[in-house]
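Q: Generate the whole structure from the sequences, applying the supplied hints.
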Amino acid sequence: MKRIGNKLKVLILFLLVWSKVSAQEEDLLKLVAEDKPKKEIVKNAFKATRVINSQSMEFLSPGTMDFIILHRFGQISEGMSNFFGLDQASMRMALDFGLRDNLMVGIGRSTYKKELDGFIKYAPVRQSTGTNGFPVTIAISGGTTLNTLPWSDPARQNYFTSRMAYYTQLIIGRKFNDKFSLQISPTMVHQNLVASSSMPNDVFAAGIGGRFKVSKRIALTADYSYLLYGVDMNLYNNPLSIGVDIETGGHVFQLHFSNSTGMNERAFLTETTGSWDKTEIRFGFNLSRMFQIKKIKETPKE
Amino acid sequence: MKKILLVAIALFLGASTNAQDKYFTKNGTIIFDATTSTSPEKVAAVNKSVTCVLDGKTGNVQFSVLMKGFEFEQALMREHFHENYLETEKFPRSLFKGQIINSSQINYSKNGNYDVTVKGQLTMHGLTKDVETNGKVSVNDGKISIAAKFSVLLNDYGIEVPRLVSDKVAKSAGIKVDCSLQALGK
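Sequences listed follow chains A and B, in order. All you need for my numbering is the position in the first sequence, starting with 1, plus 98. All you need for my numbering is the position in the second sequence, starting with 1, plus 83.
Source of the hints: derived by calculation from the structure; they are not laboratory data. Just so you know, nobody snuck in bad clues.
A short, non-exhaustive set of chain A residues, derived as facing chain B with CB atoms under 8 Å:
no.: 1; residue: 141
no.: 2; residue: 159
no.: 3; residue: 390
no.: 4; residue: 393
None of the values given here were measured: they were computed from a predicted structure. Note that the Cβ used here is the ideal one computed from N, Cα and C, for glycine as well.
A: Spelled out as structure tokens, the structure:
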């Protein structure tokens, strides 16, 4: 009994020694305690700061300037005589600036009604994973448009403020996975001057936008707004746009079909006359080019 | 029997992990550079929070690099690095597990400089490849500095460079490692 007992002890000790020696070749990295998973902001839910027409839940990185040219051609239903709408183009040029990871501003000018516009977009809460993560990004956006056309009736008492309209919008969006993102955006537009006294000055709409990534650099997008109040649905329609985003180097190309001509919130929400049913849709594109105007040298914190 | 027991215990203690022989850092530096001669902008980034552990006894050395820790000068380059090239959401960390071949020649308790050869496996973007490089190990008052420079072929790790940017992003990236380790005290 004693003999067996001792042999057993030696065997056990030998095994312990053996296991220690071989364990040393294993994961050295495990000896250094890994930090707990930090909070990480979810990025790139959409490839651009606009879904197609509507503001997206994405922001520009601080120090970035985005030069955007938007084009909307004529209606395809006009056929060959108008080269399916390509003979006629409406344009908006814009400059967007990223101030913080969750704050950006932009200015632009449309040829439609020669309208200047400016906006600010801020996200108090952003979608994040890790400790204290949050499931959605909540952003608010507000802007002003200024119609710079000459007065249609100069003899009338015209007010400068009549040229202006404002919009405010709440954007709630989520990147569900690498491929799919969805956002909703309840919006209100207030126009200081409307065409007739029977028309309300305020328009309420509920926007919905989504993107589905097909490959690393290509995504399908859809942008729809349901007009709740304030727009005569006998004259106008809900704006709907469907498109493809293509990302190359420093550019993002957004090619799409839409029933609206307007490229700022006031224009595409309150004045969309085209109808998808009657193929009164138009081809258009947004072309965005990023410039880093203030170099960053920081680790993505958060 | 007692003798056997004592010998066994001595072996056991002798073979147990001697923490003094291990060195580590959580702030190592790794720089990568994949700029072509025709590129108007530098395609490079630096990571200053690399974890590195070195076992002085065996020469085993391991690196863990959190890809999100790379700092870029251009935000868009950083976005593309994470989204399109390295797909860091799928592959958040890169690892190197290898050995300093002539580690036995290094005296970790005395100041000195040594030229070394490191051989191991680099796992990046989900793929693992053998890497061999020369390096330098310096011992200075208990601090171990390790430095190495080598290049990797992006294709080897499944990192695709589209033709459109092939005049900016090179086919291979130069990797520069610079870490200062201290003893892993326990």
